[in-house]
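Protein sequence lines correspond, in order, to chains S and Z.
So for the first sequence, this note's numbering puts the first residue at 23; every next one is plus one.
So for the second sequence, this note's numbering puts the first residue at 23; every next one is plus one.
Keep in mind that the hints were calculated from the coordinates and are not lab data.
Since the model is a prediction, treat every value here as computed from it, not as a measurement.
Treat the hints loosely; a few may be bogus.
Heads up, the list lumps identical chains together, so a pair's fine if it works in one copy or across two of them.
[Said to hold, decoys possible] When the alpha-carbon atoms are kept at most 25 Å apart in a straight line, the in silico SDA-like pairs for lysine to any residue are as follows:
| hint | residue 1 | residue 2 |
| --- | --- | --- |
| 1 | K44 | D111 |
| 2 | K44 | P201 |
| 3 | K192 | R217 |
| 4 | K44 | E79 |
| 5 | K192 | I36 |
| 6 | K44 | H173 |
| 7 | K44 | R59 |
| 8 | K44 | R187 |
| 9 | K44 | V211 |
| 10 | K44 | L210 |
| 11 | K44 | E135 |
| 12 | K44 | P83 |
| 13 | K44 | E191 |
| 14 | K44 | Q188 |
Number of protein chains: 2
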Amino acid sequence: MTTAHHEDRLHAQIAFILEIDKLKRVLRRNLLMDGSRRENDAEHSWYLAMLALVLAEHAEPGVDLGRVVRMLLVHDIVEIDAGDTFIYDVVAVEAQAAAEIAAAERLFGLLPEEQAREFRALWEEFEARETPEARFAKALDRLAPMMANHHNEGGTWALYRVTARQVLEKVALITDGSPRLGAFATDLVETSVARGHLQP
Amino acid sequence: MTTAHHEDRLHAQIAFILEIDKLKRVLRRNLLMDGSRRENDAEHSWYLAMLALVLAEHAEPGVDLGRVVRMLLVHDIVEIDAGDTFIYDVVAVEAQAAAEIAAAERLFGLLPEEQAREFRALWEEFEARETPEARFAKALDRLAPMMANHHNEGGTWALYRVTARQVLEKVALITDGSPRLGAFATDLVETSVARGHLQP
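Isolated chain S (complex conformation):
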């Protein structure tokens, strides 16, 4: 490989790095655990990667933890162009798919070709939820905002009038990635209902 080739690669990589800084300005609906403000996608992605390291033993045996972490680090990057969608807003969730595919094309397309393919594959694997790694990653992505709502007297559940029944549909995705974490999430939901922070 020539020096010029390496320079071109670094140039493309830096363009991508500068672009993804914008993930720090994409706001999610849920609040921080202390309720002080809404969470952004970049800090959310760090948090999920940490959850993966800390909770690894609750994943299916043999899960490739490094892959789970890489998937979580890139899983929201498409939202730089496509924006965040509230998971309980069914209409928006459907319209979102096309916007996210275009976003993946543009954003990962800034990288050298084989890296673009690799990052896009991680994002697609996460979305498809077919591998144990993706199921565990998705479980963590569902668990974190439930913990935040549980700590914020209902948080976005209360604000958007979400019911326990709707939340339990999301808990099923957690159970699918980790039965133990699914049981933990069910407890959070039941406690929130008992406290009057979530409609039955």
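Once you've looked at the hints, dock chain Z against the given chain S.
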């Protein structure tokens, strides 16, 4: 292992997870790339983990990338208790060491014992900068704020009257982890001086 044992572990892990949410509220000196606000430690940690994935080929051959990523994810957690220290504030940097050791003890100590040891070892490895993984991780930690300052007309360099000579001492740490990224950082410094955004 009994179910009660697993419950205890999960309980400790959740306590740690709730506590580290606070990293999202620890502010650093440097701004986001667009200059809109100061960066927090959690989104900074995500950003560095992404830099590790994107720039991996510029590390020493054979570097364990998964370890670099894990190190970057945990490297600032001690700042929840000890706060962020501006790297050009020499007096504060010295006082910081003891506070960070106490913070590591308390924060990682929330985890089950062998996880506490594992996370603390990652943080200590990062700080010691003796392994190729730690040198690469530290290089990225130094590179990111230089990119932000370069994009913000000098940013914290201008604000705190830092000189190119002081910045080049930090560039040496980048070169130590990756000669190619060191050369890239040197270019950033020279461009900033040429533009009048950094004192020679």
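So, going through the hints one by one against the coordinates:
1. K44 with D111: This pair counts as within: shortest intra-copy Cα distance 24 Å, inter-copy 29 Å.
2. K44 with P201: Cα proximity of K44 and P201: none, with 35 Å in one copy and 28 Å across.
3. K192 with R217: within (20 Å within a copy, 52 Å between copies)
4. K44 with E79: Result: close only across copies, 24 Å inter versus 33 Å intra.
5. K192 with I36: between (37 Å within a copy, 19 Å between copies)
6. K44 with H173: Between copies only: 13 Å across, 28 Å inside.
7. K44 with R59: For K44 and R59, the Cα distance is within 25 Å both inside one copy (18 Å) and across copies (12 Å).
8. K44 with R187: Neither. Shortest intra-copy (35 Å) and inter-copy (30 Å) distances fail the 25 Å Cα cut-off.
9. K44 with V211: between (33 Å within a copy, 23 Å between copies)
10. K44 with L210: between (32 Å within a copy, 21 Å between copies)
11. K44 with E135: within (22 Å within a copy, 37 Å between copies)
12. K44 with P83: neither (35 Å within a copy, 30 Å between copies)
13. K44 with E191: neither (31 Å within a copy, 29 Å between copies)
14. K44 with Q188: The answer is neither: 31 Å in one copy and 29 Å across copies each exceed 25 Å.
The structure shown violates the earlier hints numbered 2, 8, 12, 13 and 14.
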